[in-house]
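Novice: Now for the letters of each chain:
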Amino acid sequence: SQTIHQWPATLVQPVGSPLSLECTVEGTSNPNLYWYRQAAGRGLQLLFYSVGIGQISSEVPQNLSASRPQDRQFILSSKKLLLSDSGFYLCAWSPDGGRNQPQHFGDGTRLSIL
Amino acid sequence: AQSVTQLGSHVSVSEGALVLLRCNYSSSVPPYLFWYVQYPNQGLQLLLKYTTGATLVKGINGFEAEFKKSETSFHLTKPSAHMSDAAEYFCAVSPDTGRRALTFGSGTRLQVQP
Chain A
1 SQTIHQWPAT LVQPVGSPLS LECTVEGTSN PNLYWYRQAA GRGLQLLFYS
51 VGIGQISSEV PQNLSASRPQ DRQFILSSKK LLLSDSGFYL CAWSPDGGRN
101 QPQHFGDGTR LSIL
Chain X
1 AQSVTQLGSH VSVSEGALVL LRCNYSSSVP PYLFWYVQYP NQGLQLLLKY
51 TTGATLVKGI NGFEAEFKKS ETSFHLTKPS AHMSDAAEYF CAVSPDTGRR
101 ALTFGSGTRL QVQP
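Same order as they appear, the protein sequences are chains A and X.
Heads up, the first sequence is in this note's numbering, so the first residue is 1 and it goes up one at a time.
Heads up, the second sequence is in this note's numbering, so the first residue is 1 and it goes up one at a time.
Chain X on its own, in the form it takes in the complex (with noise of 0.2 Å):
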């Protein structure tokens, strides 16, 4: 069976500061990963998807995630947080079978404070 966890249901930085967005995920079937990002009011757009091939892997607005077999974990990361970040961040995992939905994460709201 899937599962995600996100370490910290609140983070809050500086604007300039690192963002860290922990990702944990359990899977049956080597795993394709996903960051989603919500801001408020709005469906959930896509940030950046890990398949295979680089495991360090680059989205939109500056965020990059790494995937970690070992620590089976796949982290969110930005170098200098901006006021625009702030919205809430979904990591998910791919299902066991083509013909099913990804498993989301709890979701982490991240604040940025100026």
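Here chain A stands alone, though its shape is the one from the complex (with noise of 0.2 Å):
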């Protein structure tokens, strides 16, 4: 079966720090990946998503970055952090078929920026 793993899980860190948290999935091939954020009491937003190795959509302009190195690993990074990136990151995949697969949500990661 397809599982998908995401680090750490909480993270706490200091203004104009850089930033790197990762996602790998594991028992699929050529999966769908995609890195979100939820800001305290919001709903989801879109950051970043990836149909391929190399192959990254930027969906918010922001201070943020992703890279997909490898077919089932997604990395979302930053150069210096800012206080308004705080929040919860959710990375999440989906089979590479069809709009009528849905995506499965790893267990995110509470970033603090202090």
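Hints are computed from structural coordinates only; laboratory data are not their basis.
What you are looking at is a predicted structure, and each value in this text was computed from that prediction instead of being measured.
By construction, the Cβ of each residue, glycine as well, lies at the ideal position given by its N, Cα and C atoms.
Chain X side only, calculated, beta carbon under 8 Å to chain A, not exhaustive: (1) Gln42; (2) Thr51; (3) Ser94; (4) Pro95.
Reconstruct the complex from the two isolated chains, following the hints.
Specialist: Here is the structure:
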């Protein structure tokens, strides 16, 4: 069966520090991959999605970037964190195969910026 | 373009009462529809999905939803609420192509009163 791993679960970082969040998927190949952010009490904001290695689509211009160095690995990065980057970050995957496929989510990373 | 509207950001019911969470969608192509549940500090879990076939879809934890094309709705129901149902619920609609993300509603927080 397929599984998605996201780490770390929680992270406290100072303003201006770099960020790297990692997400990996097991048990499938060529998945679509997604990064979302949830601000406190808010809905889901799609940040990036990827349909293949090295293919990244950015939905919202911001202080963050994403990379997909391997088929089942998706990384969210920042060179300098802002206070507004605080939130709950979720990685998700879906099978590459059509519009009727659900997305499957990781357990999330709670990021607090001090 | 796809969109999802969830009426009521907060819904409160008594334990044992009917749960009704509303979702209306807009889609430029025949839709596939999904309901997710999110417990505090966790990722989203798929509750149920409508792809094709029967318009009344049964999911996990006793939830079901009915696809009504004429009303562009996909409301989530459960006959009898349990305390463990307290969570945030998200409705989502499929993208117009298979290589994009689901479009999520803004979520409904369900409270269950004893």
